[in-house]
Amino acid sequence: MNNTFKKIFIKSFVLLFFLAGCVGQSGRNAETVTIWHWMSDRDDAFNELAKRYTEETGVNVKFDLYAPSEIYSQRVKGAIQTNTLPDIFGVLGENQDFASFIQSGYVADLTEALNAPMDGATWKEAFFEKALAVNEFKEGNPHGVKPGIYGLPLDVSTIRMIYNKNLYAKAGLDPNAPPKTWEEFMEHSRILKAKGLPGFVSGFGEIWMLDALASNWAMNLMGPEKVFATYEGKVPYTDRDWIKIFALFKEMADEGVLVDGTVTMVNKAAEQTFANERATYAFNGSWCVNVYKGMNPDLDYAAFLPPLISKARPMKIWGGAGSSFVIHEASPRKEAAIAFLKWLTSDAQQVYLAESTLNLPANKNAVKEISPILSQFAGNMDHVVHPNVYPVHEKPEVREAFDKGIQSILIGEKTPEELAAEVQKVKGKALKR
Amino acid sequence: MMADSTDINYEKLKKRTTSFFIHVFLILVSLSCLFPLWWAFASSLKTQQTVFKDLSFFPQTPHWENYYLAWTKADFGRYFLNSLFYTVAVVVGVLFIASMAAYAFSRLKFKGRNILFLICISTMMIPIPGSFIALYVLLNKLHLIDTRLGYILPQINGGLPLGIFLLKTFFDDLPKELEDSARIDGCGRFRVYWHIALPLARPALAVLAIFVILAVWNEYLLAMLVLSDKGLMPLQRGLMVFQGAHITQYPLLMAGIVITVLPVLVIYLMLQKHIIKGITAGAVKG
Amino acid sequence: MDFQKVRNEVGNYVFILPAVVLFFIFSLYPFFKVFQLSVTDWNGINPQMNYVGLANFKDLLTDNPVFWLSMRNALNITVLALTLQNLLALFLAFLCDRDIRGGNIYRVIFYLPPVLSGIVVGLIWNWIYDGNYGLLNHFLEFIGLGDLTRAWLADANTALLAVAVIHMWKGFGWGFVILLAGLQSIPRELYEAARVDGANSWVVFKKITCPLMIPVFILVSILTILGTMQIFDIIISTTGGGPGYHTEVPITRILQTMIGASKFGYACAMGVVFGFVLLAISMVQIRVSKMMRQV
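Residue numbers (this note's numbering), protein chains in the order written: chain A, 57 to 489; chain B, 190 to 475; chain C, 1340 to 1634.
Just so you know, the hints here were simulated from the structure itself, not pulled from any lab data.
Idealized CB from N, CA, C, for every residue including glycine.
It is possible that some hints are incorrect.
What the hints assert, rightly or not - A few chain A residues that face chain B, going by a derived Cβ cut-off under 10 Å, partial list only:
{"hint": "1", "residue": "T90"}
{"hint": "2", "residue": "D97"}
{"hint": "3", "residue": "K107"}
{"hint": "4", "residue": "D354"}
Go ahead and model the full structure; you've got the sequences and the hints to work with.
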């Protein structure tokens, strides 16, 4: 009788023991600064920089990649439980998670290091103010975190509207005059539609994109005070202004402004659509410049601010640090870690990172020769605000009901009034907790 | 019966027609299965600019160098042996441990047999969301973080419920007569299992091996949780470099995927030969 | 007591010992941990966690309609998978079990979808279902059904079905391989004897194949239930659970609660409840199959 399986078994065991013998535990240098990160596309650049740093200073630095970000977060949480956090890592998630990390004593306060004089200036001055702000907890912040700056930004990003100039010209519209107000936006959209040209696309399937756009408009229409009052529970979502925000999305749906399928599109699919000129407008982050450059270098487009709902206030958009590193409070190599991050965020390294990873650097001095379109995204940071710096935050479950509800409006399942009532109900429950 | 059984032409025609429709159906299903693989292959020969634009069946100027680039950029050479080792280790572990347990659950009598089997199967059912963090804590306690063993053991354990369930189903259906006669000849439990039951269960073992190989070969989440040393990482780690948070290098990623899929297909091709009508023939010979 | 008998029984335990040891180490501990966390308000970060009793479960059972909606969505996909996907798998396995020309080639081809990476599957099906440039819409227009065209993944009426089709397409290969192995295990002599008795194909299928295949059917349907109820990667790469909540499934809800909302304890409670639902469905499935065998 043939005993193939038996043979395979035995052979495999032999192989197994042979190979297992080769397993050597890599000895870990006690003085090595270890960094955990999730940015798979920057891993090569990080490793190169680590090598250079060792050559320059003799200090060993080791970057460990754990991607995708979901698994990275799990590993960090596992490390918290087992007291095995590395010297440097990044905190992903909402502002409240960051606060929780700090309050549990896992993240070092870097304020002092940032303010310490360095080559005549302070470390702090090298960064875009708005990029640092994301990692800062101010006096009286809603989480009760001790005021200070707790993270160091590596890059900045902003989320804006963009439009395809080529398609604009085709529609007979002025390719250098994107819509400034909601009325203009709708009028241009109607013209595009009449000419059979595509409309507006965005990664609304990833609901944070919807959240960003709706939040931009809400801030513009009712001003931050009223928005924050809503978050605090003092103004209900059934307020006229909120219904008006919801109604904007209904109007877009009714007029067929959106590209078919936008409501469930993941952002990468939306980017494909815009890059291949199947959409005239998009709402996307500054990283898209590189995505489009890769897919369609001839794409002729420009950025603009989301159309104003109210002329009473300026339009503010989301922006700030793209990704940041923090230092482990209990790390025995804290000083070495700070020294390395100082080096990593200094001009030369930031330029290298920006060039090799195609991100906007967080270091002001490193932004010298960037493309005009990229500078449109980075250039004017005055309009930029990040939800992390808000004095109040909406509860995640309310935000979800809000964003998912807008999806329902976009597919014509709910009216703005119905949604407002529904979100308010979820809000009521969240307030009771 | 309406049809005249002597009408050979009619019978033949009927058979031919049935066969024709069966093949049309099979080919249609096959096309739907082949299409994505072709698409991945064709895309792997395009550039980032043409990948979603050029929808031709085969790109006019195929960029074969993408395969070289993918192989070197993803550092596949380094990860390939690791993956091979993990796959062999987990497959051998699962086949051996699951077949022993399944044989016991199917043939041997002991207290708590049914309840143990039920508990084993129900581990497949609770999709423990927090289990990754718990697993990390556990492996850390056992000093298995960043070791090969720490990556292999949880995967063996993960394959066991399916393996035991699958093999028990097939053991239950096997004729018992052969084992009985072997036992009368004085064979011990283990020899009966090893010499009689295992060879008879060959198709089921092949099926299990096919499933486990695919699972281990494509695994990367656990690797990212358990391992940090690049020298220990499996093949899928290589594909990570093509998928940034914002930019995906589609042609290189597709080339990488084609490279990683091929070994699985070859192994499947070899193993599926064991899914054959060998039972009765083998029994007679054995 | 009979010493020989005790020895015998101990010897039997040796067979399951390795499995039990691994199980106790790697399954029981995480299990225990999840149960333990399900009665806390842990946020996944803070070392401090408060015991909240059954509050998470109470809220889940009485005040979380979205979770139960997601359960219903997963059940709908599961019903489709149990019927359509498994019938397709069975039919294909049946055809390949006969000595059909090119049978070996088909066997390999049908296993391609399970082998293919989820990334490719997501990209391909996003393209097929696209509202403006999708292959499906082109095809419908081509055969004169232009009225039916739509963005399939964004339409409330079709999104769940569209996702279910992807899942079934990706999954039928598994069932096919198991069912084929099952069919091949049936001794040929039985078929030949039946043929000699003049039974036609349908009778052979009903009287010989089906009864012998019942355990394999149970196996495949349990695996289908477990695999389909726990679907999520296809959803994340196509609809993200939308539009609205139309394609939300339990795992996406659990992940959202755990990672999005940082309610780790609550997510664990969801996992426990979901686990019990799966257990219950599987038990019902086994009962029904066993009853069918008696019929």
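Results for each hint:
1. T90: holds, 9 Å
2. D97: It holds, given that the least Cβ distance between D97 of chain A and chain B is near 3 Å, below 10 Å.
3. K107: Because about 14 Å separates K107 of chain A from the closest Cβ in chain B, which is outside the 10 Å limit, the hint is violated.
4. D354: Interface hint status for D354 of chain A: holds (9 Å vs cutoff 10 Å).
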